[in-house]
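4 protein chains.
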Amino acid sequence: MTTLTARSSVRPVLMKGNEAMAEAAIQAGCDAYFGYPITPQAELLEWMARRMPEEGRVFVQAESELAAINMGLGAAATGARVLVSSSSPGISLMAEAMSYMAGSELPLVLINVMRGGPGLGSIGPSQSDYFQAVKGHGHGDYRVPVLAPSSIAEAVDLVASAFEIAERYRTPTMLLADGVMGQAMEPVVPVYRTLARVTPGWALTGADGRPARVVRSLHLLPEELERHNRHLQAKYSTIEEREVRWAGERLEDAEIAIVAYGTAARVARTAIDRAREQGLAVGLFRPITLWPFPSEALAALAPKLRAILVVELSAGQMVEDVRLAVAGRSPVLFHGRTGGIVPTPGEVVDALRRTWDLADAPQIGAT
Amino acid sequence: MTTLTARSSVRPVLMKGNEAMAEAAIQAGCDAYFGYPITPQAELLEWMARRMPEEGRVFVQAESELAAINMGLGAAATGARVLVSSSSPGISLMAEAMSYMAGSELPLVLINVMRGGPGLGSIGPSQSDYFQAVKGHGHGDYRVPVLAPSSIAEAVDLVASAFEIAERYRTPTMLLADGVMGQAMEPVVPVYRTLARVTPGWALTGADGRPARVVRSLHLLPEELERHNRHLQAKYSTIEEREVRWAGERLEDAEIAIVAYGTAARVARTAIDRAREQGLAVGLFRPITLWPFPSEALAALAPKLRAILVVELSAGQMVEDVRLAVAGRSPVLFHGRTGGIVPTPGEVVDALRRTWDLADAPQIGAT
Amino acid sequence: MTTLTARSSVRPVLMKGNEAMAEAAIQAGCDAYFGYPITPQAELLEWMARRMPEEGRVFVQAESELAAINMGLGAAATGARVLVSSSSPGISLMAEAMSYMAGSELPLVLINVMRGGPGLGSIGPSQSDYFQAVKGHGHGDYRVPVLAPSSIAEAVDLVASAFEIAERYRTPTMLLADGVMGQAMEPVVPVYRTLARVTPGWALTGADGRPARVVRSLHLLPEELERHNRHLQAKYSTIEEREVRWAGERLEDAEIAIVAYGTAARVARTAIDRAREQGLAVGLFRPITLWPFPSEALAALAPKLRAILVVELSAGQMVEDVRLAVAGRSPVLFHGRTGGIVPTPGEVVDALRRTWDLADAPQIGAT
Amino acid sequence: MTTLTARSSVRPVLMKGNEAMAEAAIQAGCDAYFGYPITPQAELLEWMARRMPEEGRVFVQAESELAAINMGLGAAATGARVLVSSSSPGISLMAEAMSYMAGSELPLVLINVMRGGPGLGSIGPSQSDYFQAVKGHGHGDYRVPVLAPSSIAEAVDLVASAFEIAERYRTPTMLLADGVMGQAMEPVVPVYRTLARVTPGWALTGADGRPARVVRSLHLLPEELERHNRHLQAKYSTIEEREVRWAGERLEDAEIAIVAYGTAARVARTAIDRAREQGLAVGLFRPITLWPFPSEALAALAPKLRAILVVELSAGQMVEDVRLAVAGRSPVLFHGRTGGIVPTPGEVVDALRRTWDLADAPQIGAT
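Protein chains in written order, with numbering that gives the first Met the number 0: chain A, 0 to 366; chain B, 0 to 366; chain C, 0 to 366; chain D, 0 to 366.
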């Protein structure tokens with residue numbers, strides 16, 4: 000059950016993405032926030048620092064990102080609705096706890112406002128933590144639902160969705176935004192979704208008058224741990240069946256599709272407009288969930304296309320999932336920029352033209 | 000330049016994998032070891048605790064895995080040959096520092112003796128950190144060479160190779176072993192490779208009488224960081240060209256290939272023997288480098304096969320890289336166990352038989 | 000300005016000392032609590048964990064005692080009324096931050112529910128952190144007001160006094176309780192003092208529309224640091240003049256005075272009753288502030304006495320301050336138990352008798 | 000058994016105090032050093048960083064002062080001869096571990112090169128950690144022998160003495176130096192004492208072929224902990240009997256004695272020369288051990304004096320121990336500077352003259 004909540008008025012308000020995501024979490028019923036300052040995510044923490052106490056909820060600036068995520072783990076174990084946020088290096092410090100929460104089936108929303116890496120890198124926007132988000136951040140066989148907004152309004156909505164998914168499936172869930180999404184200002188209609196509150200039956204609320212509950216990721220007997228893993232894998236299959244989200248634009252007659260998410264999708268949209276003006280039949284396939292990846296939809300689309308162009312703010316990471324989905328049914332090319340640089344629409348048009356020409360050539364392969 | 004060193008005699012000595020890898024690192028000229036105890040990797044740390052001081056070298060049991068890898072980073076920056084080891088949860092704590100070392104181009108060898116996950120999991124053997132090792136452990140666009148031994152003798156050799164690769168390309172390098180590889184005892188011929196020592200020109204050795212050097216992953220200007228990323232990507236391409244290693248067994252006439260590494264490959268070998276006895280033409284494709292993955296060799300092999308069966312001690316991770324490589328040229332099936340359980344040869348024979356039957360069916364797809 | 004607050008009724012309620020101190024802090028207007036569990040202080044943290052969120056205030060179980068006190072420091076810098084509590088080993092971890100707060104002139108109340116030491120020691124009650132509390136916990140020339148309650152009702156009152164002193168003088172202030180004070184249950188009349196709230200002019204509340212403020216303990220120029228130290232010393236002199244508290248019982252005709260605080264004073268009271276029955280004219284001098292120590296009052300009393308007997312749950316610590324005050328004007332003897340053992344009244348009567356006999360002897364010295 | 004060792008020659012070498020103390024520790028047979036950089040102690044760590052590996056011994060720059068002292072604790076438990084050093088704020092972080100080592104009876108030498116406090120303070124020289132060193136750094140009833148050198152040559156000798164005392168009594172031992180002692184350069188005759196090595200019977204060396212040993216500070220039964228405390232107190236009494244050290248200068252005919260240690264004693268010596276020229280009969284009483292404090296010697300001296308002047312680089316800390324020892328037998332006055340400022344000889348002569356005049360007045364008291 001979801002309630003739409005308008006804060007003060009429904010006239011659009013100019014907000015930074017970081018602020019809008021923070022307020023969306025508050026309106027969704029976030030009970031506790033834990034974080035540690037890092038650019039370009041700082042305004043999110045600042046917003047929570049001011050607003051959470053106003054709402055009588057918990058805000059803690061922890062000793063480090065490691066402390067923040069483990070406080071989040073602890074709070075989540077009590078049934079609290081928890082948000083943690085950081086940017087790339089800080090997210091890396093959370094790998095162990097994310098694996099623990101996946102194993103312990105604890106819901107929590109983690110927002111990564113990505114910056115250029117590796118290492119300290121730069122504070123410019125980036126999408127170079129895609130692999131980390133959807134593949135192998137922590138150890139062990141687990142998956143994390145990953146939502147990737149492409150506008151601030153969508154980010155507001157996906158924050159609520161992230162809490163819904165986290166709680167529906169008892170899983171840590173990630174919202175993957177890049178620095179542009181965090182720093183840019185856009186008009187946001189202040190209508191938020193408020194999520195119903197159901198105290199989960201597994202939460203550690205103090206065992207007064209009932210048997211004690213246990214939340215843990217430890218299963219010392221291999222048979223027991225395998226049973227637990229089968230349960231987790233079944234859950235991940237359900238998520239893959241039910242929670243895939245993507246958006247298509249101008250795909251009906253497209254001969255080339257750009258696959259892009261987040262800020263890259265916004266650039267792609269402008270590039271597609273220009274390419275269409277130049278007579279190229281181009282459309283946009285925009286994954287909204289990065290895991291589960293919209294593989295089936297893309298696999299179904301691929302045979303109708305002359306080629307696919309993947310655009311990322313990275314050296315090429317989602318392109319691997321595109322190739323996996325397409326499985327040779329269409330050539331897949333890539334254009335990316337790194338280090339905090341956003342590709343320009345002009346660059347993407349050029350890449351589209353090269354893709355068009357290559358697709359014309361008979362010998363093109365699938366790599 | 001490599002020197003072969005025989006320790007006391009060349010008669011085989013019975014050693015645990017953890018001990019053999021530790022001694023191999025010492026013989027390879029490891030200057031400093033940093034770690035923190037965790038099962039099933041503990042004997043490696045114990046061996047180093049005893050042997051490194053005997054050799055007048057540095058052993059530190061750090062405050063945590065986080066401290067250990069960062070001490071490793073610092074020591075590597077001085078040009079020291081550094082080994083760090085842990086098991087799954089401890090490796091997760093090292094994600095940030097691995098990204099920093101990749102960005103700073105610091106050589107270091109990290110051994111992961113994998114156990115069942117996610118979270119605390121069990122202390123049984125596992126291969127469920129494959130994704131973490133080859134994809135997205137830390138943030139940012141970087142890659143880490145990953146070597147996967149399938150016998151203790153091979154582990155001894157690959158420890159030296161890992162140092163060679165780390166230093167040749169100035170990159171952190173991983174040796175991915177599972178708990179069986181760490182705990183099992185096998186006869187090891189105590190012949191080790193000793194690596195030549197060349198003080199690297201970039202090492203922070205104190206700037207007496209020369210200009211100061213800088214080792215860093217920070218590049219605040221996006222253009223500069225992109226230039227740095229291009230340099231890294233070019234290096235990764237070179238590694239992909241030159242450092243791929245794999246081994247094939249009985250593939251000449253094989254209609255089905257098992258793809259497996261580490262302990263799974265050993266189980267597969269026994270299963271293949273039995274399947275051959277039952278008339279199934281089965282061979283083994285064993286990746287030794289997991290990144291760079293032997294994609295080209297596998298892509299070339301795929302069209303000759305009726306099907307590929309991937310066997311892992313996981314819920315299915317390397318299978319994704321196999322599918323990426325095969326790109327639809329052959330059906331790819333999977334058999335895995337999780338939670339610290341090793342598949343039996345009998346199970347694998349059954350899986351082979353199912354694969355054989357499925358491959359016979361006309362409608363089989365590539366997923 | 001202080002308001003008396005009755006919670007629900009004024010009939011006595013049976014409470015543990017830890018609980019009563021916690022509630023007293025809440026009623027006094029404590030905005031934020033930071034702590035980490037340790038026996039015998041655990042119920043204080045548990046009470047705060049439950050009650051602070053009920054009041055819409057901040058409760059954080061930090062990563063460690065080190066994190067807790069530094070969070071306290073940060074919160075205090077914003078003008079919040081902050082309580083931190085722990086027991087002996089945890090208090091030791093707070094030495095650096097206490098010195099920083101003294102140097103930065105930040106008010107904060109720290110409760111130490113002492114247990115037997117040194118090291119891990121036992122979880123039994125103790126007074127063996129007297130030296131730490133009143134002398135040299137952290138580095139540098141600073142003093143900390145220390146209040147020592149001897150009943151739960153007094154503890155309730157002194158918690159409010161501790162906040163008053165902390166804020167009046169901008170200084171961290173300590174409430175020193177032993178494990179008996181924390182664990183024992185006594186009827187508490189639920190009347191609490193609520194302290195007026197004045198936002199301090201130095202607090203870091205965000206520099207909107209006013210010049211930025213600075214809170215720091217760093218003064219790099221020695222002249223500046225000395226000026227700062229003179230200011231601190233002048234403040235400590237003022238506290239010594241104005242804030243000394245002690246209580247005397249049956250001292251009018253006493254020939255021997257027991258000097259004791261906290262639980263030791265309660266035992267002494269019973270022993271004095273018994274000794275009086277046996278004809279010994281004995282009274283009790285009970286310091287309530289340990290720093291500033293009631294030296295003048297004791298110095299004035301000493302010449303009238305045949306001897307002083309100091310009773311502590313320690314190997315002898317406050318006895319040093321007694322000797323300093325008495326400066327040879329009366330013999331000072333000592334009786335103490337350690338390790339979590341509370342002296343019995345019988346033991347103290349025996350010690351009184353020995354003191355009486357020694358004082359009769361003409362040769363007795365001042366040590 | 001002690002061996003004198005001359006390094007290369009016996010001609011004086013110009014060394015900083017920090018360097019000389021470091022080399023003295025190495026020559027005394029220090030096996031392991033743990034530290035973290037802080038001014039004005041940095042050269043000590045730097046010297047160890049270079050020299051310990053040359054000697055094939057252990058040097059670790061830890062993650063923090065907390066990690067350093069706990070590594071020291073661990074190494075000491077194996078029977079290693081361990082040095083840890085820091086400056087005031089870093090020493091505060093070591094309070095808990097010092098209490099643990101006292102409780103566990105582990106020998107270790109800790110050097111504090113004091114700087115101005117409280118808090119971050121300044122990096123100028125200071126003696127304001129006297130209380131911390133001799134009274135209440137950590138929790139519980141324990142004492143730490145504290146040696147205070149007044150010249151670099153004496154520091155060299157006292158480093159060896161500190162190891163001797165630490166090992167003879169199984170106790171952490173402190174060497175208390177101020178920033179002047181650490182930073183000043185003086186000619187040092189490179190003759191060092193090398194201490195005999197006896198593997199202690201309690202050391203945790205691996206329980207091969209013998210029953211396991213235990214090193215701990217935990218004694219859960221109060222009776223057992225009290226027995227342990229009695230043992231510790233008996234040991235402290237022995238140290239008080241046997242290890243007191245002090246030096247007197249020109250005390251034979253002195254009517255006023257300056258009591259000062261470390262750098263303050265050096266200033267006092269110059270002031271005494273000048274005061275003697277002006278006809279004042281002044282001498283120097285210089286404690287070398289601060290705990291045990293030379294109370295008996297001072298108590299014996301006091302009645303012969305008109306007054307005592309205590310000079311410290313602090314707001315007045317040792318003066319308390321002087322008053323305790325003197326117990327009213329002589330007036331005790333104080334002159335101190337704080338914040339990194341060293342009193343000048345001129346200031347001290349003025350203070351002496353004021354003392355002289357006050358002592359002439361009939362009404363002077365003992366405070």
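Hints listed in this document are in silico derivations from the structure and should not be mistaken for laboratory results. Hints may be right or wrong, so weigh each one.
Heads up, the list lumps identical chains together, so a pair's fine if it works in one copy or across two of them.
As the list claims (entries may be wrong) - Under the rule of at most 25 Å between Cα atoms (straight-line distance), these lysine to aspartate or glutamate pairs were calculated in the DMTMM-like manner:
id, residue 1, residue 2
1, K15, D207
2, K15, E153
3, K234, E319
4, K234, D359
5, K15, E53
6, K15, D359
Structure-based check of each hint:
no.: 1; hint: K15 <-> D207; result: between (44 Å within a copy, 19 Å between copies)
no.: 2; hint: K15 <-> E153; result: within (13 Å within a copy, 52 Å between copies)
no.: 3; hint: K234 <-> E319; result: both (24 Å within a copy, 19 Å between copies)
no.: 4; hint: K234 <-> D359; result: neither (43 Å within a copy, 31 Å between copies)
no.: 5; hint: K15 <-> E53; result: within (20 Å within a copy, 32 Å between copies)
no.: 6; hint: K15 <-> D359; result: neither (43 Å within a copy, 58 Å between copies)
Going down the numbered hints, you'll see the structure goes against 4, 6, while the others check out.
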